[in-house]
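There are 2 protein chains.
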Amino acid sequence: MAESWSFLDTFEPNFRPLVVIELAKGTKEETTEWFTKRIVDKKANGGAQLLIKPLVTENGDENIYLVGASPFRLLLGAETVGLVKECNDNSMRTFTYSSRKTFKDFADDNHNFLTMAECQYIIKHELENLRAKDEKIIPGYPQAKLYPGKSIVRRLLTSGILVQIFPLHDREELKKLRHSWYGRVKVGYQPLDEIRCYFGETIALYFGFLEYFTFALVPMAVIGIPYYVFAWEDYDKYVMFATFNLLWSTVILEVWKRICAIMTYRWGTLLMKRQFEEPRPGFHGVLGINPVTGREEPVYSSIKRQIRIYLVSLPFVCLCLYFSLYVMMIYFDLEQWALDYHAENESNFSSLMLFVPSIIYAIVIEIMNRIYRYAAEFLTSWENHRLESSYQNHLILKVLVFNFLNCFASLFYIAFVLFDMKLLRQSLATLLITSQILNQFAESLLPYWLQRRHKKRMKKRMGSLKTDTDLSLVEQVHLEKEMGTYFGTFDDYLELFLQFGYVSLFSCVYPLAAVFAVLNNITEIYSDALKMCRVYKRPFAEPTANIGVWQLAFETMSVISVVTNCILIGMSPQVNALFPDSKMDLILTVALVEHLLLAIKFIMAFVIPDKPRDIQIKLAKLEFESLEALKQQ
Amino acid sequence: MAESWSFLDTFEPNFRPLVVIELAKGTKEETTEWFTKRIVDKKANGGAQLLIKPLVTENGDENIYLVGASPFRLLLGAETVGLVKECNDNSMRTFTYSSRKTFKDFADDNHNFLTMAECQYIIKHELENLRAKDEKIIPGYPQAKLYPGKSIVRRLLTSGILVQIFPLHDREELKKLRHSWYGRVKVGYQPLDEIRCYFGETIALYFGFLEYFTFALVPMAVIGIPYYVFAWEDYDKYVMFATFNLLWSTVILEVWKRICAIMTYRWGTLLMKRQFEEPRPGFHGVLGINPVTGREEPVYSSIKRQIRIYLVSLPFVCLCLYFSLYVMMIYFDLEQWALDYHAENESNFSSLMLFVPSIIYAIVIEIMNRIYRYAAEFLTSWENHRLESSYQNHLILKVLVFNFLNCFASLFYIAFVLFDMKLLRQSLATLLITSQILNQFAESLLPYWLQRRHKKRMKKRMGSLKTDTDLSLVEQVHLEKEMGTYFGTFDDYLELFLQFGYVSLFSCVYPLAAVFAVLNNITEIYSDALKMCRVYKRPFAEPTANIGVWQLAFETMSVISVVTNCILIGMSPQVNALFPDSKMDLILTVALVEHLLLAIKFIMAFVIPDKPRDIQIKLAKLEFESLEALKQQ
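In order, the protein sequences belong to chains A and B.
For the first sequence, this note's numbering begins at 1 and goes up steadily by one.
For the second sequence, this note's numbering begins at 1 and goes up steadily by one.
None of these hints come from the bench; they were simulated from the model.
All residues carry an ideal CB built from backbone N, CA and C; glycine is no exception.
Mixed in with the good hints, there may be bad ones.
Unchecked claim - Quick list of in silico lysine-lysine cross-link-like pairs, DSS-like style, CA-CA up to 30 Å:
id : chain 1 : residue 1 : chain 2 : residue 2
1  : B       : Lys257    : A       : Lys304
2  : B       : Lys150    : B       : Lys537
3  : A       : Lys42     : A       : Lys150
4  : B       : Lys583    : A       : Lys422
5  : A       : Lys618    : B       : Lys304
6  : B       : Lys176    : B       : Lys481
7  : B       : Lys621    : A       : Lys42
8  : A       : Lys257    : B       : Lys257
9  : B       : Lys531    : A       : Lys304
10 : B       : Lys611    : A       : Lys304
11 : B       : Lys460    : B       : Lys176
12 : A       : Lys28     : A       : Lys537
13 : B       : Lys618    : A       : Lys133
14 : B       : Lys422    : A       : Lys583
15 : A       : Lys621    : B       : Lys85
16 : B       : Lys133    : A       : Lys618
17 : A       : Lys621    : B       : Lys136
18 : B       : Lys460    : B       : Lys531
19 : B       : Lys455    : B       : Lys583
20 : B       : Lys273    : A       : Lys618
21 : B       : Lys273    : A       : Lys257
22 : A       : Lys273    : B       : Lys618
23 : B       : Lys621    : A       : Lys304
24 : A       : Lys611    : B       : Lys273
25 : A       : Lys133    : A       : Lys37
What the hints assert, rightly or not - Just the calculated beta-carbon pair ranges, DEER-fashion:
id : chain 1 : residue 1 : chain 2 : residue 2 : range
26 : A       : Ile617    : B       : Lys176    : 45 to 51 Å
27 : A       : Arg308    : B       : Leu319    : 57 to 63 Å
28 : B       : Gly160    : A       : Leu627    : 27 to 33 Å
29 : A       : Glu623    : B       : Ala107    : 32 to 38 Å
30 : A       : Leu627    : B       : Ser472    : 39 to 45 Å
31 : A       : Gly488    : B       : Val563    : 36 to 42 Å
32 : B       : Leu630    : A       : Ser301    : 27 to 33 Å
33 : B       : Tyr97     : A       : Ser301    : 41 to 47 Å
34 : B       : Ile617    : A       : Arg452    : 47 to 53 Å
35 : A       : Pro609    : B       : Leu319    : 26 to 32 Å
36 : B       : Thr102    : A       : Thr158    : 36 to 42 Å
Build out the structure end to end from the sequences listed, making use of the hints.
This is the structure:
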């Protein structure tokens, strides 16, 4: 490959802007010059060999740059990041420049072989891998230290010289995508492949999961409706419903793995090799030698991190949990007060007042969740994890535990301490519906409205009211750079996770939960789609092969729901009537059934293969070929 | 590598026999000629390029051959099988002939760079990979069909022309090993690295696990003794003991993974790449195209196999389980009869009679286990699994389920149906001790005695009474070919698994079980060592990185033991006395504690990393290097 870089010497005449770099206003000229030179410089000199152009605006400030690359450079980059593409013989293979002719739809003049999202991912990867050579500081900023091998872009970001890097929208493509996604009223699947081409695999996988999960809830909803309508409270029917739910939730989580494997195989990410993980931008420490790479980089003692985790973060999380329980007890006081008030002066107003505590509590829960979220982010970042993945895992764990307790503690209390099934049903319904409404509002509609207002003001200022596709590049960049940033799928998955909790934990008490979840998810698909296409900046594509730690979180929830549902059934008067003589027999039976169900769950999870047979064969074939190739050497 | 094979043209003068091939008596000459020619033939002509010599005996029959290889050929073979060796810089790397100089202890004249076990493994691998080219049949045996790519050795074995292939013992090395292993009375660790050099990783790992497991049981035994001696039956002490046991068993299984990683890293097998699995010898089917390799080979429909598994094997196993339960009920009748007899005529004889049913039952259990084992092997082989690993998994599953029920059903019945703790303790002790004695006898002492008798007779026939090391090669081969074959570590692990069950399932009732287990295991180490060194043919080394499915089996057992122990504690009179008013509260408390313990177990298993930090770093370093190497290309 080394020689082929020399092809790039000739400057590309038709420059296609892909990524926007915004520097801070008043960045020193020597810094800008040095940075742009490094981006354009040859690979052999430690550059990224990309193309860069300043965005010339009317008011003449030159702090925005457009980055692009020649088609040939992008192909070499595709090899570097290890993209997997479909070959002419329909197998998926890691792309290499030398074998480019064997890939489907490849032609030297076909610039759509790589999707725009892939091109932008490649450019992002190349920019992030632009490393300091012998520079000790960023020119012009003596306080921004560098050391050999440090990612320049990350240092620029942490020292505030680089404001942001974001990929440009493709107005034409976006219009098409919007149309096929939510533009027309239709019943059918989302255009996941198109979403993946435009937004990348992580986001497409989220929408895939959202859609799959909604479909998977439909049977539970359909079976749940008659239970609610006819108030079937017969023991056997009830047990059947709960058992169905429990086994169903195992099956859907296992089947999702298979569907996920099919999708990510088609997208190539299932086969993509994991890249070596660099330290995350916020990581700091004293300079030392990384034992893995042997390179000089900041190191931070693992023991110090452990101390921070166990002596600060853990007690803080426990304190928050305690506070959340305290708020819950206040809620129950309020609830009692409302009941007393209703009993004293029975009126329409007082019966309406009955719902007020639940609604207030639901709002308080949402607010607490959001505040805690910031605290958790601060703490986890203070723990100073070296890798982004480790940071994410610790953050997710913190947030999950708190949100779980915050959302479900009151329900557990009502169910297993107060034994008040009527209140449980009412609380569950109020919490579920309120949180759904709040979420939809706070997450999509409010930002959408703000964005629209902002856009109108911007356009007015620019003195023209063109449609989106007619905007000039300068206007487009100025519009997009002010849009909000999409911070990843975390919140979206969290919302689904809590919803899954509402549906499964107490499913046998409130069968209608699944119905509400389905209805919410249908609108959620549209509002999330709107959010992605209209509200936020285009995010960089992130190749991924699965939904990661969320699979584990959902599986854990489904295990907990076996326990709660068994207890709920055991407490129901119908079941109690079956064991009139001995409470003991009842409890023993419930415990036995619970253990059986758990055993069945684990066996099912073990027996159902994670990948469909044909994907397994395709993977085995690739492995066999690579072994054979090694032998031939 | 292709050219380097030509070096092998010159015939090696100093032939060192490594592997023995025994053909059936009266094998046709054309077959022998063809087979030996294929073994000696050049790699380019599809041969194995090994050395072969007939063993010339006095009575002149030429059905035994010795196989060896030149040191250079062995090095090329080491590259083919992907051996991992230590480099000069103390890192572990996959051996390649071109990089041979970078490896520790490598010298062109050092023929001990590869251990004898590794050489024999390489020869076995090369022989098994000797494949038919255009032969349609084995010459001389028109009924033994071949097709392109079929392993010749496997066809020869299944058609009975090839009686056996086994590696030769190295009398000198064996004597040294015996001495350091069990030759002197000493307290200390086994020489695992030496065992690994002589017998290979699978067997060394078994002895490593046996030793580790014995050490791990010591704390349980030490804490258990005072409980037994002083008959502490206080609630709190009891619960502490049981809780300690449960958490301890989780810890030891997690720590074993780490120790295993350390050992197999040192041995190189942790890094060894999995080879492509060929169909197992017994697999048959109609000729078709393998979808993975694209080669012609027998294929067998997966649906047919599923039918055999679910419609024949599964019902058969269920029937056996039923039969085992039936035998158990007979045992309880016998037990009752013995009690009645003792009550009627109280005498020394009658009190001795009390133990007879348990002992008989223990013997019957052992016999049933062994018979069932044959049935399970027959059935699993009839299920016609393509891969040896799939065959092994199905066999292990069948055997485990049956043995578990067969051994523990009576104990469960006594504990949770009869609620007779005294009988439970007595049965547990009888079953444990009887099965240990039976096993030691049937597994090592009996074969050892038979082997000794046979050897004496052989030597007498040969007219000489030399010591082992003075035997001529001919005598050695004749002695060894009559020795029993070691069929792998299955039975040894199974024995440990059942022992773990006896120790952990009812540990809080019979704390002395751990003591017996420790005592048994100490003798077990010696009798197993004796068995390996004296009784059986030398087995081929098998590289392996972990104890495979047994890890899962032991973990499952430890989960089950949480449940049983919680119930046992809940049933104890001391705990019952704590809840005088309400049985319900008792059961609820027990259930809560059980769930808590299970949750702690799973969290512990999740939190304790499977590999120690330094191994993780070493692995990451290797991965990083290979990624860097790819980039450099």
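Now for the hints, and whether the structure bears them out:
no.: 1; hint: B/Lys257 x A/Lys304; verdict: 26 Å, holds
no.: 2; hint: B/Lys150 x B/Lys537; verdict: 27 Å, holds
no.: 3; hint: A/Lys42 x A/Lys150; verdict: 18 Å, holds
no.: 4; hint: B/Lys583 x A/Lys422; verdict: 28 Å, holds
no.: 5; hint: A/Lys618 x B/Lys304; verdict: 22 Å, holds
no.: 6; hint: B/Lys176 x B/Lys481; verdict: 22 Å, holds
no.: 7; hint: B/Lys621 x A/Lys42; verdict: 28 Å, holds
no.: 8; hint: A/Lys257 x B/Lys257; verdict: 27 Å, holds
no.: 9; hint: B/Lys531 x A/Lys304; verdict: 51 Å, violated
no.: 10; hint: B/Lys611 x A/Lys304; verdict: 21 Å, holds
no.: 11; hint: B/Lys460 x B/Lys176; verdict: 26 Å, holds
no.: 12; hint: A/Lys28 x A/Lys537; verdict: 27 Å, holds
no.: 13; hint: B/Lys618 x A/Lys133; verdict: 26 Å, holds
no.: 14; hint: B/Lys422 x A/Lys583; verdict: 28 Å, holds
no.: 15; hint: A/Lys621 x B/Lys85; verdict: 28 Å, holds
no.: 16; hint: B/Lys133 x A/Lys618; verdict: 27 Å, holds
no.: 17; hint: A/Lys621 x B/Lys136; verdict: 27 Å, holds
no.: 18; hint: B/Lys460 x B/Lys531; verdict: 23 Å, holds
no.: 19; hint: B/Lys455 x B/Lys583; verdict: 66 Å, violated
no.: 20; hint: B/Lys273 x A/Lys618; verdict: 19 Å, holds
no.: 21; hint: B/Lys273 x A/Lys257; verdict: 26 Å, holds
no.: 22; hint: A/Lys273 x B/Lys618; verdict: 19 Å, holds
no.: 23; hint: B/Lys621 x A/Lys304; verdict: 23 Å, holds
no.: 24; hint: A/Lys611 x B/Lys273; verdict: 22 Å, holds
no.: 25; hint: A/Lys133 x A/Lys37; verdict: 14 Å, holds
no.: 26; hint: A/Ile617 x B/Lys176: 45 to 51 Å; verdict: 48 Å, holds
no.: 27; hint: A/Arg308 x B/Leu319: 57 to 63 Å; verdict: 59 Å, holds
no.: 28; hint: B/Gly160 x A/Leu627: 27 to 33 Å; verdict: 32 Å, holds
no.: 29; hint: A/Glu623 x B/Ala107: 32 to 38 Å; verdict: 35 Å, holds
no.: 30; hint: A/Leu627 x B/Ser472: 39 to 45 Å; verdict: 43 Å, holds
no.: 31; hint: A/Gly488 x B/Val563: 36 to 42 Å; verdict: 40 Å, holds
no.: 32; hint: B/Leu630 x A/Ser301: 27 to 33 Å; verdict: 32 Å, holds
no.: 33; hint: B/Tyr97 x A/Ser301: 41 to 47 Å; verdict: 42 Å, holds
no.: 34; hint: B/Ile617 x A/Arg452: 47 to 53 Å; verdict: 52 Å, holds
no.: 35; hint: A/Pro609 x B/Leu319: 26 to 32 Å; verdict: 28 Å, holds
no.: 36; hint: B/Thr102 x A/Thr158: 36 to 42 Å; verdict: 40 Å, holds
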